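Undergrad: Residues per chain are reported as follows:
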Amino acid sequence: MLSELDKRIIRELQEGLPLVSRPYQALADRLNLGEDELLARIKDFIDRGVIRRFGAAVRHQDLGFVANAMVVWPVPEERLEEVGTLLAGFDKVSHCYARPAHPPGWPYNLFTMIHGQTEQECRRIAARLAAACGVENYRLLFSSAELKKSSMKYFLGE
Amino acid sequence: MSLDSTDKQLLNMVQAGLPLVPEPYRELADKLGISEKETLSRLKRLCDTGVIRRLGAIFDSRRVGYSGTLCALKVPVERINEVAAVVNSFPGVTHNYLREHDYNMWFTLLVPSPEKLHRTIEEIKSRTGISDLLMLPATRIFKIRVNFDLAEE
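Just so you know, the protein sequences line up as chains A and B, in that order. Under the working numbering, the first residue of the first sequence carries the number 1, and numbering increases by one thereafter. Under the working numbering, the first residue of the second sequence carries the number 159, and numbering increases by one thereafter.
None of these hints come from the bench; they were simulated from the model. One should not assume that every hint holds.
[To be verified] Subject to a maximum C-alpha distance of 35 Å in a straight line, what follows is the list of computed DSBU-like cross-link-like pairs (lysine-lysine): (1) K274(B) to K7(A); (2) K43(A) to K283(B); (3) K301(B) to K202(B); (4) K232(B) to K283(B); (5) K149(A) to K195(B); (6) K7(A) to K149(A); (7) K92(A) to K202(B); (8) K43(A) to K148(A).
Quantities reported herein were computed from a predicted structural model and do not represent experimental measurements.
Produce the complete structure using the sequences and hints provided.
TA: Here it is, written out as structure tokens:
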């Protein structure tokens, strides 16, 4: 699905956009492409969804969003689509995914990430979500330590 | 680090997207009413201090052809550092957090193929000696949002 040239472009792009006046030209030079051609390829990646977003990723902890909670919900299978769509619509929910439950130890099949200034605020947000969707027995899992956070590097050492 | 209002505006703009034009930083500078040089030095400072983790392309790992899953591991408290060192040594482990639950170690794993995914999981179990591991791949994505609005104080 991806050509060798696509992979070469991804390898360069994942190093980040250079902080120079003509950053696409600088990357294109390394790839032996024209600046126009590289820009066209990036737009094509965006159209195909290979690039989800072309912008900055920030550390939200540094911006005052210090508490983040993974809120997990045991949703009846027949309500999963409805509840997932509903919770995704809340501004305070940044991520919302369905994942397989592993009962009895792990009965939760819907995962939401919420961000607040404090743990207390996260709890209030979760209670509002619960009231909206009518799913009880949800749990908040706060992160107590970040053990690793890195950007994925694709197509290295293959 | 402290951010002034120009930093915040700039962060909002670059989170929304970098212009796909030959001189993207000049375009941002013009919108902010500052010079390109100042825009570049502000961005450099935001990158150097880690406020910006990454500038440019954020890939959809599935569309790139990779397979991934969230994993939850039940680690005895006294073994956390040792197990974290093993788990984090895999390059496909991009995020790893401790969370308050019996399943206390939560990490994401990305690898080039589904076969490699299962091999890597087995390797993690065998090298940590912990078999109580939940594989939690996303089966449906309802939302991914990564922008944080800094406009309002």
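Undergrad: Next step is simple, just say for each hint if it's right about the structure.
TA: Evaluation of the provided hints:
1. K274(B) to K7(A): holds (19 Å)
2. K43(A) to K283(B): violated (41 Å)
3. K301(B) to K202(B): holds (30 Å)
4. K232(B) to K283(B): With Cα atoms ~11 Å apart, K232(B) and K283(B) stay inside 35 Å; holds.
5. K149(A) to K195(B): holds (30 Å)
6. K7(A) to K149(A): Holds. K7(A) to K149(A) sits at ~23 Å (cutoff 35 Å).
7. K92(A) to K202(B): holds (30 Å)
8. K43(A) to K148(A): holds (31 Å)
Checked against the numbered hints given earlier, this structure breaks only hint 2.
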